[in-house]
Amino acid sequence: MTAQEVRLCGLLLQEHFGEVVERIGTHLLRGGAQNLRTIANETNTPLDLHGACDFGSGRRGPGSPVEYRASCERVLRVLRYPRYIYTAKTLYGDTGELIVEEVLQRGHMTMSNTVKTVADRLTHNMEEGRSMEYSEVVSAFSKLVETHFLQRCPPVAEMGTAATSTTPATPSTPAAPASTAPPTAESNPDCYKLPHVTLIGRGKRRRSSDDSEEQRGGKKAKMDSESCGDEGIYWLVNFERFHQHFRDQAIISAVASKLDQTSSEIVRTMLRMSEVTTTQTAAYTQPLSANEIFRSLPPNYSISRPILDQYLSLLVDDPMEFVGKSGDSGGGMYVVNLQRALANLARATLESVVQERFGSRSARIFRLLLRKRHLEQKQVEDFAMIPAKEAKDMLYTLLSENLVQLQEIPKTPDHAPSRTFYLYTVNQLPTARLLLQHCYKTVANLIERRLFETKENKRLLEKSQRIEAILASLQASGAEPEQLTEVEEMITAPERQQLEALRHHINKLDSTENQVDETVFLLESYIFSTKTK
Amino acid sequence: MVGLGHSRGRGKGYMSFSIEAVGIGKGENLPPSILQPTPLFPPVEHKPVPLVMGEEGEYMLALKQEFRGNMKNLPFYVRPAISKKDVERYSDKYQNSEPSDNTIEWNPDRGSWFSLMIGFCPFLSVTDTSLSTRVDKEEIIHNLEVGITLEEEVTSDEEEGEKKKQEEEQQDGEDEYDEEEETDYIMSYFDNGEEFGGDSDDNMDEAVY
Numbered sequence: 001m002t003a004q005e006v007r008l009c010g011l012l013l014q015e016h017f018g019e020v021v022e023r024i025g026t027h028l029l030r031g032g033a034q035n036l037r038t039i040a041n042e043t044n045t046p047l048d049l050h051g052a053c054d055f056g057s058g059r060r061g062p063g064s065p066v067e068y069r070a071s072c073e074r075v076l077r078v079l080r081y082p083r084y085i086y087t088a089k090t091l092y093g094d095t096g097e098l099i100v101e102e103v104l105q106r107g108h109m110t111m112s113n114t115v116k117t118v119a120d121r122l123t124h125n126m127e128e129g130r131s132m133e134y135s136e137v138v139s140a141f142s143k144l145v146e147t148h149f150l151q152r153c154p155p156v157a158e159m160g161t162a163a164t165s166t167t168p169a170t171p172s173t174p175a176a177p178a179s180t181a182p183p184t185a186e187s188n189p190d191c192y193k194l195p196h197v198t199l200i201g202r203g204k205r206r207r208s209s210d211d212s213e214e215q216r217g218g219k220k221a222k223m224d225s226e227s228c229g230d231e232g233i234y235w236l237v238n239f240e241r242f243h244q245h246f247r248d249q250a251i252i253s254a255v256a257s258k259l260d261q262t263s264s265e266i267v268r269t270m271l272r273m274s275e276v277t278t279t280q281t282a283a284y285t286q287p288l289s290a291n292e293i294f295r296s297l298p299p300n301y302s303i304s305r306p307i308l309d310q311y312l313s314l315l316v317d318d319p320m321e322f323v324g325k326s327g328d329s330g331g332g333m334y335v336v337n338l339q340r341a342l343a344n345l346a347r348a349t350l351e352s353v354v355q356e357r358f359g360s361r362s363a364r365i366f367r368l369l370l371r372k373r374h375l376e377q378k379q380v381e382d383f384a385m386i387p388a389k390e391a392k393d394m395l396y397t398l399l400s401e402n403l404v405q406l407q408e409i410p411k412t413p414d415h416a417p418s419r420t421f422y423l424y425t426v427n428q429l430p431t432a433r434l435l436l437q438h439c440y441k442t443v444a445n446l447i448e449r450r451l452f453e454t455k456e457n458k459r460l461l462e463k464s465q466r467i468e469a470i471l472a473s474l475q476a477s478g479a480e481p482e483q484l485t486e487v488e489e490m491i492t493a494p495e496r497q498q499l500e501a502l503r504h505h506i507n508k509l510d511s512t513e514n515q516v517d518e519t520v521f522l523l524e525s526y527i528f529s530t531k532t533k
Numbered sequence: 534m535v536g537l538g539h540s541r542g543r544g545k546g547y548m549s550f551s552i553e554a555v556g557i558g559k560g561e562n563l564p565p566s567i568l569q570p571t572p573l574f575p576p577v578e579h580k581p582v583p584l585v586m587g588e589e590g591e592y593m594l595a596l597k598q599e600f601r602g603n604m605k606n607l608p609f610y611v612r613p614a615i616s617k618k619d620v621e622r623y624s625d626k627y628q629n630s631e632p633s634d635n636t637i638e639w640n641p642d643r644g645s646w647f648s649l650m651i652g653f654c655p656f657l658s659v660t661d662t663s664l665s666t667r668v669d670k671e672e673i674i675h676n677l678e679v680g681i682t683l684e685e686e687v688t689s690d691e692e693e694g695e696k697k698k699q700e701e702e703q704q705d706g707e708d709e710y711d712e713e714e715e716t717d718y719i720m721s722y723f724d725n726g727e728e729f730g731g732d733s734d735d736n737m738d739e740a741v742y
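The listed protein sequences correspond, in order, to chains A and B.
Heads up, the first sequence is in our numbering, so the first residue is 1 and it goes up one at a time.
Heads up, the second sequence is in our numbering, so the first residue is 534 and it goes up one at a time.
The set of hints was computed from the structure by calculation and includes no laboratory data.
One or more of the hints may lead you astray.
[As the list claims (entries may be wrong)] Beta-carbon label-pair distances, calculated as ranges:
no., chain 1, residue 1, chain 2, residue 2, range
1, B, E588, A, T397, 37 to 43 Å
2, B, K605, A, L399, 45 to 51 Å
3, A, E321, B, K605, 43 to 49 Å
4, B, I719, A, E500, 57 to 63 Å
5, A, L499, B, Y592, 20 to 26 Å
6, A, H124, B, P572, 50 to 56 Å
7, A, Q407, B, K605, 30 to 36 Å
8, B, D724, A, A501, 46 to 52 Å
9, B, G590, A, L460, 22 to 28 Å
10, A, E133, B, E588, 28 to 34 Å
11, A, S135, B, K605, 30 to 36 Å
12, A, S257, B, K605, 35 to 41 Å
[As the list claims (entries may be wrong)] Straight-line alpha carbon distances no greater than 16 Å define the calculated EDC-like cross-link-like pairs of lysine to aspartate or glutamate that follow:
no., chain 1, residue 1, chain 2, residue 2
13, A, K458, A, E495
14, A, K392, A, E376
15, A, K325, A, E292
16, B, K605, A, E15
17, A, K508, B, E591
18, B, K580, A, E356
19, A, K89, B, E591
20, A, K378, A, E390
21, B, K605, A, E22
22, A, K411, A, E376
23, B, K605, A, E19
24, B, K605, A, E102
25, A, K508, B, E588
26, A, K458, A, E500
27, A, K441, A, D517
28, A, K508, B, E589
29, A, K508, A, E453
30, A, K89, B, E589
31, A, K392, A, E381
32, A, K89, B, E588
33, A, K258, A, D318
All residues carry an ideal CB built from backbone N, CA and C; glycine is no exception.
Chain A extracted, bound-state conformation (with noise of 0.2 Å):
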């Protein structure tokens, strides 16, 4: 947890679950693992509302005894939250996109109250007449758990056993002592296991004019709460899974960019081939023979057979090395080099970063270190090729941000400084982690610099939130238009200006947000497939 991450966190939380439960958060982040008490003790907040942020994010787990637990990977997920919900709509339309966001906002849900919940959205935002099938939005929650992008909660009387197990109703498990991590998703067996629950009927439409209908709708959800059979069984969204996604779609983009069309679409059918067989933190997909990849290419994309070869031997030799030789039967075995695939992304990542902030020429020499790995000032300045008083001022540059460091190598025992060679070397891994950083910082300092904007403008930004609904309620009850536009000259026209400045500097700011945040993926999916050696 460092300060950047733990500042960051701690703005994510303010904006989405109010100030009280960031105060804790921050608290648990900065501590660790600790009990009620002692949180509530020291951040002064009455208990019971502990309760409610400790529910309502669902990224704590009861240790023992009770300990609350914050995890500052998770918070930082929330940054992601459109880029998922963006991804299911691509892959799954407005169904399940309004499923995962549901799901998303809820933390975990029943299967039954999704459905019903995103089938009454989807028919409010239907014509009037139609409705939807609760039937099209289950099949669409079954696709998305058979595609394991949603997945089961583990179950609650895991959790409990950690707890001093008073109510008789929880089943005693033999792990006496509570294990000190919470129990994943992936070590329940049932994790993709639909429950069996036949729901039958369509969405409701809600009109504010029908008061009546609501209350009998909302009677009858009640009842069908109660009658649907899958109590207690929850479900989450599946985060790795997404990543996968992701890393995937970064890695046939780059293939594509680099290479061509086809040879994009051969790694992605290699990739998809390889979607259920490869481990989250696999180094390489199972290896693939050429028979296999040409019988499973899209129908569209029909290229012979010995221009598939040909392809694969070029994405072979390529020196990115995304895709590598692992044997020659069937054809010759194909693996997608994925740790390697990732390290090059980062590289390139590090390197455009380089380039933007310091110029072409720095990015020259970093790119050269990262190459040779250790060269002499001379050696640097004769490789490449620039001259030396430049030279020297673009490495201490980059020395002193710490993107490159400096290896001392003594030839004598007493490291006499005039008798050492000094060396300049690039650590690709250091340096991402360094870079991530200062992503985390950067959307701290973008979260701050909007909630400061929107602070500044309050008074504006509520006058117009007034004015609009006072012309929705005119405009409800049937005014003419000389009232309306009275109305709306209320706001004169350099506060409109003011207004309109505003949204489009929020709207950069939140859109600058979501970009960096791809970089962050970038940089944490290279270190989290270093971690796992």
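Chain A is already provided as a structure; the job is to place chain B on it using the hints.
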């Protein structure tokens, strides 16, 4: 720089390592030394690359803002109980301020209550913080009423539970007469007259003097 200020007159700028090795030639102009911390917003030589704003970017932006807005309406968004007082009044001590909406409206399903209550078990043994203010008591009473089944099963904390139940009953039964805070006045003494005159036409049978 090493030894620069501490040379013992052995010739100007004697240092413990040879400068050539690091790359500074003889007689070169070194950049001026830094006398103050770097500015907070240093001038940027290379302008940053403009944002990528396609259809996808705009859609994600809309999603993000919508999500944030929706989160504010969910019960997970906890608003602190802000009491806006212009002047502190003595009667505030004896008036109930409304507990925040979140604890009343929020009704998670049975399964989630179970997991929550497990976390709350040790909560019932805490006496100090919960008995300090009346506002907290209201909320605790609410929680206790809802989780009443779990409370009955906790035998180790029975004593505290009974004590609280007694206070509950006392409070419910003798609503007007306030003994706990040690005053001799009934609750209506502390009314500041804001609700007066609301119900005027109710009871016309009694004579009005």
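Checked hints:
1. Look at B/E588 against A/T397: about 39 Å separates their beta carbons, and that is inside 37 to 43 Å.
2. Checked against the hint of 45 to 51 Å, the C-beta distance between B/K605 and A/L399 comes to roughly 46 Å, which is consistent with it.
3. About 47 Å separates the C-beta atoms of A/E321 and B/K605, a value consistent with the hinted range of 43 to 49 Å.
4. The hint said 57 to 63 Å for the Cβ distance between B/I719 and A/E500, and at roughly 58 Å that hint holds.
5. At about 23 Å, the beta-carbon gap between A/L499 and B/Y592 stays in the expected band of 20 to 26 Å.
6. Under the hint 50 to 56 Å, the C-beta atoms of A/H124 and B/P572, about 53 Å apart, fit the expected range.
7. Taken as a hint, the range 30 to 36 Å is violated for the pair A/Q407 and B/K605, whose Cβ atoms sit roughly 52 Å apart.
8. Between B/D724 and A/A501 the beta carbons are some 50 Å apart, a value that agrees with the proposed interval 46 to 52 Å.
9. Between B/G590 and A/L460 the beta carbons are some 26 Å apart, a value that agrees with the proposed interval 22 to 28 Å.
10. About 29 Å separates the C-beta atoms of A/E133 and B/E588, a value consistent with the hinted range of 28 to 34 Å.
11. A hinted range of 30 to 36 Å for the beta carbons of A/S135 and B/K605 is consistent with their spacing of about 33 Å.
12. The beta-carbon spacing between A/S257 and B/K605, approximately 40 Å, falls within the hinted interval of 35 to 41 Å.
13. For the suggested pair A/K458 and A/E495, the alpha carbons sit about 13 Å apart, so the restraint of at most 16 Å is met.
14. Proximity of A/K392 to A/E376 is assessed by CA-CA distance (about 11 Å); at most 16 Å being required, the pair is judged to hold.
15. Our distance criterion of 16 Å between C-alpha atoms is met by A/K325 and A/E292, whose separation comes to about 14 Å.
16. Straight-line distance between C-alpha atoms of B/K605 and A/E15 comes to about 8 Å, which keeps the hinted pair within the 16 Å bound.
17. Between the alpha carbons of A/K508 and B/E591 the distance comes to roughly 10 Å, so the proposed pair stays at or under 16 Å and holds.
18. Pair hint B/K580 plus A/E356 holds up; C-alpha atoms about 8 Å apart against a cutoff of 16 Å.
19. Using a Cα cut-off of 16 Å, the hinted pair A/K89 and B/E591 holds, with the two alpha carbons roughly 14 Å apart.
20. In summary, the hint linking A/K378 to A/E390 is supported, as the alpha carbons are separated by about 12 Å, within the 16 Å threshold.
21. Taking the CA atoms of B/K605 and A/E22, the gap is near 14 Å; set against the 16 Å cutoff, the hint holds.
22. For the hint linking A/K411 to A/E376, the alpha-carbon distance of about 14 Å falls within 16 Å, and the restraint holds.
23. In summary, the hint linking B/K605 to A/E19 is supported, as the alpha carbons are separated by about 12 Å, within the 16 Å threshold.
24. The suggested pairing of B/K605 with A/E102 holds, with an alpha-carbon distance near 14 Å, which does not exceed 16 Å.
25. For the given pair, A/K508 sits about 14 Å from B/E588 by alpha-carbon distance, which is consistent with the 16 Å threshold.
26. A distance of roughly 14 Å separates the Cα atoms of A/K458 and A/E500; the hinted pair therefore holds under the 16 Å criterion.
27. Taking the CA atoms of A/K441 and A/D517, the gap is about 12 Å. The hint holds against a cut of 16 Å.
28. A hinted pair counts as satisfied when its Cα atoms are at most 16 Å apart, and A/K508 with B/E589 qualifies at roughly 14 Å.
29. Pair hint A/K508 plus A/E453 holds up; C-alpha atoms about 12 Å apart against a cutoff of 16 Å.
30. Proposed proximity of A/K89 and B/E589 is supported: the alpha carbons are some 11 Å apart, at most 16 Å.
31. Distance hint between A/K392 and A/E381 is fulfilled; the C-alpha atoms sit about 8 Å from each other, no more than 16 Å.
32. Straight-line distance between C-alpha atoms of A/K89 and B/E588 comes to about 14 Å, which keeps the hinted pair within the 16 Å bound.
33. Distance restraint check for A/K258 and A/D318: the Cα-Cα separation of roughly 10 Å lies within the 16 Å cut-off, and the hinted pair is therefore satisfied.
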